[in-house]
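K.L.:
Single-letter residue listing:
There are 2 protein chains.
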Amino acid sequence: MILDKINFPKDLKSLSFDEMKILANEMRELIIKKVDTIGGHMGPNLGIVETTIAMHYVFNTPADKIIFDVSHQSYPHKILTGRKEGFLNPDLYLKYTGYTAPEESEYDLFKVGHTSTSISLAVGVAKARDLKCENYNVVALIGDGSLSGGEAFEGLDNAAALGSNIIIIVNDNDMSIAENYGGLYSNLKELRENKGKSENNFFKALGFEYFYIDEGNDVEKLIEGFKQVKDINKPTIVHIKTQKGKGLKLAEENREYFHWIMPKGLEDFGKTFSLPENYTDLTKEYILNEAKNDPSFMVVTAATPGVFGFDKEFRDKLQKQYMDVGIAEEHAIAMISAMAKSGARPIFAVMSSFIQRTYDQLSQDLALNNSPVTILVYWGGISDADATHLCSFDMSLMSNIPNINCLSPTNKEEYLAMLDYATKKSTTPTVIRVPNIPLIKTGVEDKTDYSKAKYDVTNNGKDVAIIGLGNFYKLGEMVYDELKNKGLNPTLINPKFVSKLDFETLDKIKENHKVVITLEDGILDGGFGQKIAGYLSKFGVKVLNYGATKEFTDRIPLDELYTKYRLKKELIVEDIINSMNLINV
Amino acid sequence: MILDKINFPKDLKSLSFDEMKILANEMRELIIKKVDTIGGHMGPNLGIVETTIAMHYVFNTPADKIIFDVSHQSYPHKILTGRKEGFLNPDLYLKYTGYTAPEESEYDLFKVGHTSTSISLAVGVAKARDLKCENYNVVALIGDGSLSGGEAFEGLDNAAALGSNIIIIVNDNDMSIAENYGGLYSNLKELRENKGKSENNFFKALGFEYFYIDEGNDVEKLIEGFKQVKDINKPTIVHIKTQKGKGLKLAEENREYFHWIMPKGLEDFGKTFSLPENYTDLTKEYILNEAKNDPSFMVVTAATPGVFGFDKEFRDKLQKQYMDVGIAEEHAIAMISAMAKSGARPIFAVMSSFIQRTYDQLSQDLALNNSPVTILVYWGGISDADATHLCSFDMSLMSNIPNINCLSPTNKEEYLAMLDYATKKSTTPTVIRVPNIPLIKTGVEDKTDYSKAKYDVTNNGKDVAIIGLGNFYKLGEMVYDELKNKGLNPTLINPKFVSKLDFETLDKIKENHKVVITLEDGILDGGFGQKIAGYLSKFGVKVLNYGATKEFTDRIPLDELYTKYRLKKELIVEDIINSMNLINV
Chain W
1 MILDKINFPK DLKSLSFDEM KILANEMREL IIKKVDTIGG HMGPNLGIVE
51 TTIAMHYVFN TPADKIIFDV SHQSYPHKIL TGRKEGFLNP DLYLKYTGYT
101 APEESEYDLF KVGHTSTSIS LAVGVAKARD LKCENYNVVA LIGDGSLSGG
151 EAFEGLDNAA ALGSNIIIIV NDNDMSIAEN YGGLYSNLKE LRENKGKSEN
201 NFFKALGFEY FYIDEGNDVE KLIEGFKQVK DINKPTIVHI KTQKGKGLKL
251 AEENREYFHW IMPKGLEDFG KTFSLPENYT DLTKEYILNE AKNDPSFMVV
301 TAATPGVFGF DKEFRDKLQK QYMDVGIAEE HAIAMISAMA KSGARPIFAV
351 MSSFIQRTYD QLSQDLALNN SPVTILVYWG GISDADATHL CSFDMSLMSN
401 IPNINCLSPT NKEEYLAMLD YATKKSTTPT VIRVPNIPLI KTGVEDKTDY
451 SKAKYDVTNN GKDVAIIGLG NFYKLGEMVY DELKNKGLNP TLINPKFVSK
501 LDFETLDKIK ENHKVVITLE DGILDGGFGQ KIAGYLSKFG VKVLNYGATK
551 EFTDRIPLDE LYTKYRLKKE LIVEDIINSM NLINV
Chain Z
1 MILDKINFPK DLKSLSFDEM KILANEMREL IIKKVDTIGG HMGPNLGIVE
51 TTIAMHYVFN TPADKIIFDV SHQSYPHKIL TGRKEGFLNP DLYLKYTGYT
101 APEESEYDLF KVGHTSTSIS LAVGVAKARD LKCENYNVVA LIGDGSLSGG
151 EAFEGLDNAA ALGSNIIIIV NDNDMSIAEN YGGLYSNLKE LRENKGKSEN
201 NFFKALGFEY FYIDEGNDVE KLIEGFKQVK DINKPTIVHI KTQKGKGLKL
251 AEENREYFHW IMPKGLEDFG KTFSLPENYT DLTKEYILNE AKNDPSFMVV
301 TAATPGVFGF DKEFRDKLQK QYMDVGIAEE HAIAMISAMA KSGARPIFAV
351 MSSFIQRTYD QLSQDLALNN SPVTILVYWG GISDADATHL CSFDMSLMSN
401 IPNINCLSPT NKEEYLAMLD YATKKSTTPT VIRVPNIPLI KTGVEDKTDY
451 SKAKYDVTNN GKDVAIIGLG NFYKLGEMVY DELKNKGLNP TLINPKFVSK
501 LDFETLDKIK ENHKVVITLE DGILDGGFGQ KIAGYLSKFG VKVLNYGATK
551 EFTDRIPLDE LYTKYRLKKE LIVEDIINSM NLINV
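Listed in order, the protein sequences are those of chains W and Z. Here the first sequence stands for residues 1 to 585, where the numbers follow the working numbering. Here the second sequence stands for residues 1 to 585, where the numbers follow the working numbering.
Calculated from the structure, these hints are not laboratory results. There may be inaccurate statements among the hints.
[Stated by the list, open to error] Some chain W residues judged to face chain Z by a derived CB distance under 10 Å, without partners named:
| # | residue |
| --- | --- |
| 1 | M262 |
| 2 | D316 |
| 3 | M335 |
[Stated by the list, open to error] Sample of chain Z residues at the chain W side, in silico, Cβ under 8 Å:
| # | residue |
| --- | --- |
| 4 | V125 |
| 5 | A128 |
| 6 | L184 |
| 7 | K284 |
| 8 | L288 |
| 9 | N289 |
| 10 | K292 |
| 11 | R357 |
| 12 | D360 |
| 13 | M478 |
| 14 | G526 |
[Unchecked claim] Some residues of chain Z that are not near chain W, with every Cβ distance over 12 Å (derived):
| # | residue |
| --- | --- |
| 15 | N7 |
| 16 | D174 |
| 17 | P276 |
| 18 | S363 |
| 19 | L397 |
| 20 | E570 |
| 21 | I577 |
Quick caveat, the model's predicted, so the values are computed rather than measured. Even for Gly, the Cβ is constructed at its ideal location relative to N, Cα and C.
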């Protein structure tokens with residue numbers, strides 16, 4: 001294997017082009033095997049192998065700096081920068097994260113996982129270099145899909161005026177996660193078709209030096225191109241055309257499916273699985289039905305339709321009642337606010353981690369205008385995810401903005417009632433946190449009016465009250481059962497409302513309860529429980545908040561996190577008993 | 001007066017061009033007089049008078065929709081849409097807000113005050129129109145300065161692909177609030193110089209139809225141009241060159257000063273006032289000193305240097321150690337994070353309301369990478385501002401993100417010590433909320449280590465503890481004095497740390513205190529006090545949180561808000577006594 005000789009980028013410098021081509025194939029094989037085994041980003045990494053070899057061949061890393069956008073395409077980079085064992089040895093597959101991570105290697109500058117940040121980061125590195133009168137290349141590698149994000153444009157606009165070395169490699173594979181959408185993509189297409197020589201050129205219009213490389217999976221052509229721009233003294237774009245999924249036919253032909261796959265994604269491709277009833281299907285069914293009945297009903301996503309199961313078949317059914325705006329969450333929020341004000345009925349589906357990209361739009365464009373939109377937040381909750389993709393912040397972010405009614409259902413019937421309320425009756429913005437646990441049915445239609453905060457008191461007891469929000473209502477039930485077994489008659493509450501307090505119920509609680517516990521699947525700071533504590537502590541009621549600590553955890557197993565946060569029934573019961581005893585003393 | 005005949009846009013249609021020119025002058029006079037009397041946006045409104053007349057002449061509002069970006073340039077629009085009394089009659093000067101407000105008029109579509117939102121909002125209106133098979137023009141009016149904001153680009157990219165009527169008027173006066181910076185502005189300049197016929201065209205590259213009007217303060221030319229695009233069936237840009245401050249020589253020549261002025265801004269122009277010692281001057285002095293000693297020390301702003309007193313003289317002194325990135329807060333945060341990681345020492349100064357534009361960048365680009373930057377937040381606190389510019393959300397937004405150390409000083413010495421810590425010693429991100437109250441001196445150097453949360457216990461008493469944060473420590477002192485007078489010996493605490501709790505001090509407090517009150521100059525939800533309540537309520541300590549309700553207030557006098565929120569010493573003391581009595585019973 002050529003790879004046997006390669007431990008660090010310097011080892012590349014002695015290879016011939018032919019050897020580099022063999023190396024590329026070896027790396028591809030490792031990536032395919034690893035990703036198919038543990039899951040991960042397949043297409044982006046297969047497409048960028050040659051670029052990565054060429055970058056490390058031409059530039060002198062780590063003195064020269066390479067900044068990866070999203071960094072979901074950094075696997076080849078990891079193989080070449082001292083971490084190949086994480087790809088060669090299946091026992092070490094989990095040793096390295098799927099994103100750049102400075103704690104792993106000096107070749108990784110930033111911990112990155114959200115899109116559209118690389119250009120701004122590169123400008124900062126370049127600016128620091130200039131202030132310190134140092135001399136090295138600063139390279140940002142960004143995919144075409146990431147370019148639609150506002151932060152990327154702010155970065156581009158500023159980078160163009162930097163006046164010194166900054167090289168932005170635009171990896172254009174004509175794909176975001178799903179298809180691209182927007183004027184920029186028409187221009188990229190035109191540039192690809194004219195091999196960079198189009199009359200209209202977005203990058204030149206911004207003032208960049210512009211180079212085009214048509215053979216973005218040809219290591220020789222790439223090296224030639226990169227040599228041209230190395231040590232250049234002005235802001236420069238190198239626009240390269242690559243093949244997403246390169247070298248794996250199935251991935252080349254099914255680019256959306258193979259963007260990110262689960263373990264055994266290759267084997268499972270094309271198979272349909274019969275799943276138990278679930279929120280994904282329930283949502284799709286609800287949407288199709290509503291869309292059929294009302295032409296002004298519309299579904300919006302921002303580049304991740306797959307997360308919600310919105311596959312091509314589903315999207316095609318909706319036709320013009322579906323829009324993927326690309327990576328442009330800010331735009332999505334403002335747009336749906338205006339749609340709702342103009343009499344349409346928009347739903348925006350978004351992954352918890354990415355709603356973070358829109359605080360000001362949620363506040364100003366949406367909440368201040370009180371537009372009756374529906375936002376469905378998926379995957380919200382404590383998880384074993386990478387630090388870059390945690391989904392535990394959404395409630396803290398959204399529930400402290402005025403006018404936004406955040407709801408957290410615990411079962412099918414509640415979810416449907418909330419959907420119905422949000423899309424048909426509400427006159428204000430509604431966020432529904434789609435449950436992140438297996439679907440539970442009650443069989444009884446939920447007729448709640450979700451405009452007014454009203455908790456569901458499942459059992460009206462005394463001394464101890466358990467308030468279990470959304471995903472954690474189930475945990476609340478378990479704590480309830482344990483306490484019952486101990487001879488107590490606790491109150492059990494399903495609050496359903498995240499951002500509004502039900503003062504009437506809380507006022508009753510405070511009369512004959514000594515300890516109130518809150519359970520929420522998210523960080524405690526700024527979250528649900530602290531609002532309860534803020535209210536009840538006025539009256540001297542003991543409140544114990546359970547949820548996640550405000551921290552970035554990184555691929556910590558869920559069970560370990562639950563233990564750490566004491567989110568287990570036996571630990572909670574222990575705390576309650578201790579707390580009660582203290583009172584009795 | 002021609003204006004006598006004009007109450008609504010339809011009244012314009014019978015005017016001759018000459019009459020419209022006279023009307024423009026009449027409107028200008030009213031604007032100058034009003035703005036100089038009560039303060040407000042001078043330059044933007046003087047520049048847009050003819051455009052506004054022409055828009056309302058050509059388009060059939062309110063059937064056709066005009067969406068104003070920021071809407072700080074909507075005064076002429078208000079004069080022409082039923083609200084001229086608010087400009088003619090000084091007694092009614094405060095009747096209408098300085099921004100578009102749907103509650104005032106059907107001609108105003110959205111409540112807007114932050115920049116870069118109009119294109120996304122317009123896309124939403126247009127999309128709703130198309131879904132409902134309706135037929136009207138959708139016009140967004142956006143200034144060149146607002147175009148650098150990421151949300152505007154996301155909107156542009158999507159608008160270009162809309163495939164139906166959307167008209168974006170780019171009001172190019174070659175100015176943001178201060179000078180523009182970025183590649184886009186080189187292209188706008190090139191387009192102005194070539195009267196729209198430049199080879200490189202940012203808008204055409206995105207796929208827009210493009211029209212240029214050089215005489216953007218000539219109502220006849222504007223009408224001619226707008227008639228060309230009315231009812232057009234594709235995404236269209238009308239790029240118009242206007243003169244900011246048009247018609248007021250001083251404002252034409254001093255565009256930054258006259259962007260937004262205080263009452264008597266005309267009279268006061270050029271005067272220097274000798275002010276008592278203040279945080280603005282203190283900060284500037286600190287910065288100049290540090291910058292001189294360390295070439296890697298750098299100051300960054302995002303379009304509002306005037307808010308921090310960073311005038312031209314100050315900026316010129318810093319030379320390349322100062323950068324205004326334009327309206328691009330997201331970029332600013334990512335950039336300073338990278339600068340700090342690369343060994344530079346950046347300070348970012350920002351107005352509280354605009355830090356909202358950066359949640360995800362604060363979380364991902366900055367906090368996750370734990371970069372030692374300094375962010376100075378100005379104007380944070382409850383205010384009588386417009387609903388669009390409230391500064392009461394910053395602590396709730398920032399203090400729930402891991403790794404960010406938010407500090408809130410109460411006096412000069414603390415502020416200097418925090419600045420010193422943040423810029424020289426800290427290894428993590430620090431936010432300092434610059435006090436929004438007159439400067440107080442202790443005369444004693446503050447030697448606190450701000451890496452570890454340690455509250456300052458000013459008086460160690462019992463029964464009642466008063467925790468007064470930042471701007472409200474003073475109020476805490478007043479409550480303390482009142483309680484002393486009533487024979488109590490309360491504990492008084494200056495917590496200084498917003499985002500971290502001092503558990504050691506809180507654990508002592510819980511031993512011999514029955515009531516703890518927290519005072520914070522911001523919203524309660526997700527804020528400082530709820531964190532305290534979340535901790536102390538575990539032990540059954542009564543905690544009363546004082547701060548603002550989670551709501552959008554709109555130009556409510558401060559005293560009224562303080563009364564409503566019970567932020568007055570006598571009301572707080574009353575609450576404490578009631579709370580104590582309840583305990584004694």
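K.L.:
Now tell me if each hint is right for this structure.
P.N.:
Right, here's what the structure says about each hint:
Taken as an interface hint, M262 (chain W) does not check out: its beta carbon lies about 24 Å from the nearest beta carbon of chain Z, beyond 10 Å. Interface hint at D316 (chain W): violated, since its Cβ lies 17 Å from the closest Cβ of chain Z, which is beyond the 10 Å cut-off. The criterion of a C-beta within 10 Å of any C-beta in chain Z is met by M335 (chain W), whose closest approach is roughly 4 Å, and the hint holds. Because the closest C-beta pair between V125 (chain Z) and chain W is about 5 Å apart, less than 8 Å, the hint holds.
About 4 Å separates the beta-carbon of A128 (chain Z) from the nearest beta-carbon of chain W, less than 8 Å, and the hint is met. Contact between L184 (chain Z) and chain W, as hinted, is supported at the beta carbon level, the nearest pair being about 5 Å apart and thus within 8 Å. Annotation: K284 (chain Z) was flagged as interfacial toward chain W, and the flag is violated, the nearest CB pair being 20 Å apart, outside 8 Å. For L288 (chain Z), the suggested interface contact is broken, since its CB lies about 16 Å from the closest CB of chain W, more than 8 Å.
This hint is violated: N289 (chain Z) has a C-beta 17 Å from the nearest C-beta of chain W, more than the 8 Å allowed. At a threshold of 8 Å, the smallest CB-CB gap from K292 (chain Z) to chain W is about 14 Å, leaving the interface hint violated. At its closest, the beta carbon of R357 (chain Z) sits 4 Å from a beta carbon of chain W; the interface hint therefore holds under the 8 Å criterion. Hint on D360 (chain Z) holds. Least Cβ distance to chain W is approximately 4 Å, under the 8 Å limit.
Evaluation of the M478 (chain Z) hint against chain W yields a violated restraint, the C-beta minimum of about 21 Å exceeding 8 Å. Interface hint at G526 (chain Z): satisfied, since its Cβ lies 3 Å from the closest Cβ of chain W, which is below the 8 Å cut-off. Against chain W, the non-interface label of N7 (chain Z) holds: every CB pair exceeds 12 Å, the least being about 25 Å. A cut-off of 12 Å between C-beta atoms confirms that D174 (chain Z) is not in contact with chain W; the least separation is 15 Å.
Against chain W, the non-interface label of P276 (chain Z) holds: every CB pair exceeds 12 Å, the least being about 34 Å. Its beta-carbon lying about 6 Å from the closest one in chain W, S363 (chain Z) breaks the requirement of being farther than 12 Å from that chain. Look at L397 (chain Z): its CB is around 6 Å from the nearest CB on chain W, not clear of 12 Å, so calling it non-interface is violated. In this structure E570 (chain Z) is separated from chain W by more than 12 Å, as the shortest Cβ-Cβ distance comes to about 19 Å.
Consistency note on I577 (chain Z): stated as away from chain W, and its beta-carbon is indeed over 12 Å from all of that chain's, at 14 Å minimum.
Checked against the numbered hints given earlier, the structure breaks hints 1, 2, 7, 8, 9, 10, 13, 18, 19 and satisfies all the rest.
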